[in-house]
Structure formats: structure tokens, C-alpha cells
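Going line by line, the protein sequences match chains A and B. Residue numbering for the first sequence is 0 to 264, as defined by numbering that gives the first Met the number 0. Residue numbering for the second sequence is 0 to 416, as defined by numbering that gives the first Met the number 0.
Be aware that a few hints might be false.
Straight-line Cα separation of at most 30 Å, DSS-like style, residue types lysine-lysine; simulated pairs [as the list claims (entries may be wrong)]:
hint	chain 1	residue 1	chain 2	residue 2
1	B	Lys251	B	Lys213
2	B	Lys78	B	Lys230
3	B	Lys60	B	Lys210
4	B	Lys153	A	Lys209
5	A	Lys210	B	Lys78
6	A	Lys58	B	Lys153
7	A	Lys58	B	Lys78
8	B	Lys78	B	Lys60
9	B	Lys251	B	Lys266
10	B	Lys153	A	Lys210
11	A	Lys217	A	Lys207
12	B	Lys135	B	Lys213
13	B	Lys144	A	Lys207
14	A	Lys211	B	Lys78
15	B	Lys144	A	Lys209
16	A	Lys75	A	Lys257
17	A	Lys211	B	Lys339
I should point out that these hints are in silico values taken from the structure, not numbers from a laboratory.
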Amino acid sequence: MRPSPACLLNILVPVKRAVDYAVKIRVNPQQTGVDLNVKHSMNPFDEIAVEEAVRIREKLKDEVKSIKAVTIGPPKSVDTLRTALAMGADSAIHVEIPESAPSPEPLGVAKTLRAIIDKNKEIDLVILGKQAIDDDAGQTGQMLAGLLGWSQATFASKVDIDVVNKVATVLREIDGGSEQLKCRLPLIITTDLRLNEPRYASLPNIMKAKKKPIEKLKPTDLGVDLTPILETLKVTEPPKRVGGSKVGSVDELVAKLKDAGFTGV
Amino acid sequence: MFRHIVKTALPVPRRTVARGFATTRARRDVEGARIASLDTFTEEENMIRESVQRFATDVVKPKVREMDENEMMDPSIIKGLFEQGLMGIETSADHGGSESSFTSAIIAIEELAKVDPSVSVLCDVHNTLVNTVLRKYATEEQKAKWLPQLSESKLGSFCLSEAASGSDAFALQTRATKSGDDYIINGSKMWITNSYEAEIFLVFANIDSSKGYKGITCFLATKDMGVQIAKKEEKLGIRASSTCTLSFDDVKIPAANIIGGEGKGYKIAIEILNEGRIGIAAQMLGLAQGAFDLAVPYTYQRSQFGQPIGTFQGMAFQFAEAATQIEAARLLTYNAARRKESGLSFVKEAAMAKWWASKVAESVSGKAIEWMGGTGFTRETGWRSIGEIRRLGRSMRGRRISSCRLLPSLFRRSIHR
Numbered sequence: 000m001r002p003s004p005a006c007l008l009n010i011l012v013p014v015k016r017a018v019d020y021a022v023k024i025r026v027n028p029q030q031t032g033v034d035l036n037v038k039h040s041m042n043p044f045d046e047i048a049v050e051e052a053v054r055i056r057e058k059l060k061d062e063v064k065s066i067k068a069v070t071i072g073p074p075k076s077v078d079t080l081r082t083a084l085a086m087g088a089d090s091a092i093h094v095e096i097p098e099s100a101p102s103p104e105p106l107g108v109a110k111t112l113r114a115i116i117d118k119n120k121e122i123d124l125v126i127l128g129k130q131a132i133d134d135d136a137g138q139t140g141q142m143l144a145g146l147l148g149w150s151q152a153t154f155a156s157k158v159d160i161d162v163v164n165k166v167a168t169v170l171r172e173i174d175g176g177s178e179q180l181k182c183r184l185p186l187i188i189t190t191d192l193r194l195n196e197p198r199y200a201s202l203p204n205i206m207k208a209k210k211k212p213i214e215k216l217k218p219t220d221l222g223v224d225l226t227p228i229l230e231t232l233k234v235t236e237p238p239k240r241v242g243g244s245k246v247g248s249v250d251e252l253v254a255k256l257k258d259a260g261f262t263g264v
Numbered sequence: 000m001f002r003h004i005v006k007t008a009l010p011v012p013r014r015t016v017a018r019g020f021a022t023t024r025a026r027r028d029v030e031g032a033r034i035a036s037l038d039t040f041t042e043e044e045n046m047i048r049e050s051v052q053r054f055a056t057d058v059v060k061p062k063v064r065e066m067d068e069n070e071m072m073d074p075s076i077i078k079g080l081f082e083q084g085l086m087g088i089e090t091s092a093d094h095g096g097s098e099s100s101f102t103s104a105i106i107a108i109e110e111l112a113k114v115d116p117s118v119s120v121l122c123d124v125h126n127t128l129v130n131t132v133l134r135k136y137a138t139e140e141q142k143a144k145w146l147p148q149l150s151e152s153k154l155g156s157f158c159l160s161e162a163a164s165g166s167d168a169f170a171l172q173t174r175a176t177k178s179g180d181d182y183i184i185n186g187s188k189m190w191i192t193n194s195y196e197a198e199i200f201l202v203f204a205n206i207d208s209s210k211g212y213k214g215i216t217c218f219l220a221t222k223d224m225g226v227q228i229a230k231k232e233e234k235l236g237i238r239a240s241s242t243c244t245l246s247f248d249d250v251k252i253p254a255a256n257i258i259g260g261e262g263k264g265y266k267i268a269i270e271i272l273n274e275g276r277i278g279i280a281a282q283m284l285g286l287a288q289g290a291f292d293l294a295v296p297y298t299y300q301r302s303q304f305g306q307p308i309g310t311f312q313g314m315a316f317q318f319a320e321a322a323t324q325i326e327a328a329r330l331l332t333y334n335a336a337r338r339k340e341s342g343l344s345f346v347k348e349a350a351m352a353k354w355w356a357s358k359v360a361e362s363v364s365g366k367a368i369e370w371m372g373g374t375g376f377t378r379e380t381g382w383r384s385i386g387e388i389r390r391l392g393r394s395m396r397g398r399r400i401s402s403c404r405l406l407p408s409l410f411r412r413s414i415h416r
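Based on the provided sequences and hints, a complete structural model is requested.
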């Protein structure tokens, strides 16, 4: 019997440079957005995605051929790619947009990723963060799956890949609890919080990351137009919480609820 | 010299200052290139800072109080430091190290000190004293044998001081008597950092007291050769860092373990302690910054008399002074580090950095306790060792008096050149 050709996994991990989670966000005076003159770092869900890719390689060893990180952003975004390389990605792609350009929208990102995958046909697994903590859109992974016609398993909290049979078993976190999906590769996975705990980039790996290649591309090279199709009308802070009050008894509570219009009590 | 700094600084100009120096020599060397500021770091150095910061906050911080109360370093912290590659920062990759710059080591030491000075001193001694001695003075065989162990799993210790010889290091009395291919070491060392957990010891002993300090030789001993811990000190501060008295009773060390050659110990000690001063400056800097970063935000939350206490002018003046002193300490420390990296003379700058940073650490940490009021004084919310460590910087590795003697003698020398 002829042996089947060796199946090798090629993973793509898109990452985003977002405002650091610990920063106190402030709306800018023009009410068009938030103050971006603050610390930025890799979107935490994307860190989980990179970590998962590296763990898959640690488990499957030679069956994982390559882990490629990609980001779409201004020149500063290259720091995010270096972090991904220091965590264990082999190479990276930087789709560079000018500093002054507006942040790409999920559909634009998905189209760019599709163009990259069309150029790198060996990619058969894409792991993304479920959402970015700046816009909380949570759309890119799903849109990419739609554009490519690939299966998708979102909000993953556990991933097992069988490379030989080209099948993945993914445990998803859903509103009612969890759901297990069996998916055929090629596949889009988006990561949820409990999937893993990302490693710290150790010093030797940070130094090794210096030598790993970063390919620079422009959106025009990929035939993608990142002009926004959504217009932000206004950005405001949520209304300040007004103090509550304490009630003395259950009857008083019921009376107050009735006053407030809750008739179902 | 300037070109070297430009080469390392240019790729990522974080804060660029287009400022030439007003000397002819500078103009000739620089030729139109921009010299970035003293606080410009390479991309790798910034990544290292972030990585160590996260490690310190996520892994070390939760254990700080427990380690201090128990006066014991948690083994998982030491293991974590090895795993992060923080125990062979400058060591080459061939020997299992991270092959990073000296400034990277200083950055790591500073960031660790912001969270726990005990962990920082452990890392500092291991890197800037033990590893560096081997990298600079050991033979290739010795490097290949010991550096990988020090990078990957074994903690090192630097044994110079004794009960009767601290600042006057060359008055040491530990003897080494030749016996065939070995030396028999007898004596006692005191105030030795890391000694409780260490497995590799650099021991300074005299092989021929008739030669005075020129008989002092550096030996590498392993714990299983019979190094004994006579007493673990109970300190006022950096309590999690072990400081012990060691005794050497007929400890047999092969002559092959002599580092740098017979009678070269005094030279090694002097030179390594020059570099070590920059490490201490970094520890003091981190301590000061950590105290400041803990206390000031508190003052913007704590309200008395109708406003956050940090907004009172009297407090604001103190913050400004403290912040400026810390900035000066920062620039002194990193400039000394860069000078050393560039091969420039740095003895004076290192001594200045250590002296100033220790002074600032003492004053800022004391102020920080005041700013935090009652909470600054409790072991739970105050920074445990603030009150005690601050004094330590002055005594660590040579009293301030030593720096104060060293500096003027350097000035005298430079004036008479």
C-alpha cells in the first residue's frame, strides 16, 4: 500500500496592537474616539492565540510545519509581531498602513487575511482572538470563515488537532454552557479566555526573535482597500453611576420596584 | 565611541534629541548622525523590560510578603528566573545564556527591584558577579563546564568578605594550601549573598600570605566539596535573600578550579566590583521607583480635608523633588552601563551612580512611607522592606565611605593627568 503523503499543519495567527488592558481609557475632547497616546500591547486574546499555536506545535512536534504571525497596522505594530516571534512564531507578515490611517475594520481585516491566505495556500489553520479589547467587535474570525468558505469554531476553550485525518475537535464556550464541535480542516478558530495562559517571552527567545524574518506588505500589494465603510458618529463615556439607596424591609423594596414600573413583582 | 552608541540607538529612536555636543572631537566622530537621549533603548532591551516587568508583577509580586515574612526565597521564583533566561543574561548562547547586553542585565535588575529587592539582588549577584567573573577570567574549558550550569539551573555565590575584612577586602584570612593537584581551603566567609541556595561558589583565598594581597586567588567551589553554612543572618531588610556565614574546613578544591590564575584574585575582585556597582545602582533605582509608584497613586485616592492628599501643594513639591532625584539616578545608572558597554572608562561613573542611587533610594522610600500615612507603616500594605533596605544601599558592597574615598582619588588622578 502506498503511504499517504505527510500532512503538515501550517498555522496563521493574526495579531492586533491594541490599547493595553491596564490603561484607564479616556474619551478624547472631540468625542470621536479615545485618547490613544497611551501604552499599547498585543490584544490579550491574540496572545492566547499565539500561545495555542505554540502549544499545538509542542504537542504535535514535526507535524506542525510553520507558525506565521500577521498584523495590519502602522509602523509601531512591528513590536507586536516581535512579541509573537519571541513567543514562538517562526516568521511574520506586517501589512503596513500609514500612522495617520484609521484603524482597519473587521471586514477589511478579513479581506486582507483572505488575500494573504490566497498567496500562501499551504495555510490550513487560522487562530484568532475572539475579539479585540479596543472595539470588542468579535467579527473578524467569523467574516474570514465566510469569505473563505472554511469551517469555523469560535470561543474555543479547548482544541485538539488530528493532523493525519485533518480533523479538529474544539470545545466551545456558549451561553448555555459548552459545546463540542468536530471540524474538518481547513479551519478558523477564535480563542476564548480559558483556552490557555500565555507564556512570558523568555530572554533567549527575545534575542532569537531578532533573526526571524518579517515580510513587509502594503494593502495595495494584496489588492485590498481598507477604506472604512463605517462612520463613527460619536463616542461618549457611559453615564456615571448614580448612588443606590438602602431599603428597610421587603415591603419597602416591593413598593419602590412598583414605583419604578416593575409590575411583574 | 559615539558611533557605537548611535549604531545601537538609531534603529528604534524612541525619544530622539537632535543635539550635537559642542566639542570639535564630537563633531568629527558623529558627522551629522543624531545621538539619541541617554534613556534610548534598543527594541530588544524594551522587550526585555516589558517581559521582566510582567514576570515580576505576575509571578514574583504575589509571593513577596510570604517570602519576606518567612525570610526564605521561594524555590519556584528561582526556577522561574532560570526559565526566563534571567540567570545568564550576558552569557553567550553557546553556554546556554541569553547573549544580551549589559544594559539588558541592568534593566532586568531594575525591574525586579521595583517589585522585590530580594529577588533583584539574587539575580544581580548571580549575573554581574559570578557569571561575569567566569566570562572574563576563566579558561575556555572552565567556561564550557560552568557557565551552562549557571545559566540553566545552579545558583552562584561570590565569597569575598570575612568577619575581619569587609571594606578592607584584601585583609582576608582564608588560606589555601597546596597539596598535590589540589588546594586545601580553610577559613570562614561572612555576609555572603545567595549562599543558602547556591551550589557554585567563587571563593577568594590566599595561597601565599607572604605575598600579601598578591597571594589572593579566586577558586570555584561546588557545594558538594564541603562548603558549610555556619549561620544564616536575620536581617532588617531584603530578608528573603539569604545572607550567610560560610565555613571552609579542609575543603579540597582541584587546582583546575582556579579562575584567572594564581595570585590574580585581588585584580578580579577590584575589577568586578567596579561593574557590580552599576548593578547595585540599578537595584537602588528600582527600589526608589517602586516605592514612588506605590505611594503616589495612593495619595491621589486618599482624601482628607475634602481633597486627595496628593493634590496639596506641599505634597506636589515633594513628588517633584523625588521624581527628579530618581530621574538623575536613572540617567547616572544607564549612562554608566552604556559607557561600560562601549568600552569607555566607567569606574567614576559607576561609583557616582551607586552612591547617588543609594542616597535617592533611602530618601524616596522614607518619604513614600510618610506619604502613605498609616498604611505605609504596615507590613501588609506598606512596602515591607522600604524602611530597612533603604539603609542597606549604603552598606552593600563597600560602605559609602569607600565610594567617597574612591571618587576623590579618581578626581585627583584626572586633575594631575
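(message) Checking one constraint from the list: CA of Lys217(A) to CA of Lys207(A), max 30 Å. Satisfied?
(response) The given pair, whose Cα atoms are some 26 Å apart, holds under the 30 Å limit.
(request) For the pair supplied as a hint, Lys144(B) and Lys209(A), confirm whether the alpha-carbon distance does not exceed 30 Å. (result) The hint holds at about 28 Å.
(request) Given the hint that Lys211(A) pairs with Lys78(B), test it: the Cα-Cα distance must not exceed 30 Å. (result) holds (28 Å)
(message) Check whether the Cα positions of Lys60(B) and Lys210(B) lie no farther apart than 30 Å.
(response) Violated. Lys60(B) to Lys210(B) sits at ~49 Å, over the 30 Å cutoff.
(request) Please work out if Lys58(A) and Lys78(B) have their alpha carbons no farther apart than 30 Å. (result) With a Cα-Cα distance of about 23 Å, the restraint between Lys58(A) and Lys78(B) holds, given a limit of 30 Å.
(request) For the pair supplied as a hint, Lys78(B) and Lys60(B), confirm whether the alpha-carbon distance does not exceed 30 Å. (result) holds (15 Å)
(request) Measure nothing beyond the straight line between the CA atoms of Lys251(B) and Lys213(B); if it is 30 Å or shorter, mark the hint as holding. (result) holds (22 Å)
(request) Mind checking the alpha carbons of Lys78(B) and Lys230(B) for me, to see if they're no more than 30 Å apart? (result) Holds. Lys78(B) to Lys230(B) sits at ~24 Å (cutoff 30 Å).
(message) Check whether the Cα positions of Lys58(A) and Lys153(B) lie no farther apart than 30 Å.
(response) Roughly 28 Å between the alpha carbons, so the hint for Lys58(A) and Lys153(B) holds.
(message) Tell me if the straight-line CA distance from Lys135(B) to Lys213(B) falls inside 30 Å.
(response) Holds, because 19 Å separates the two Cα atoms, which is no more than 30 Å.
(message) Hinted pair, alpha-carbon criterion (30 Å max): Lys153(B), Lys210(A). Please report holds or violated.
(response) Judged against 30 Å, a Cα distance of about 29 Å means the pair holds.
(message) Tell me if the straight-line CA distance from Lys144(B) to Lys207(A) falls inside 30 Å.
(response) holds (24 Å)
The structure does not agree with the numbered hints 3, 16 stated previously, though it agrees with the rest.
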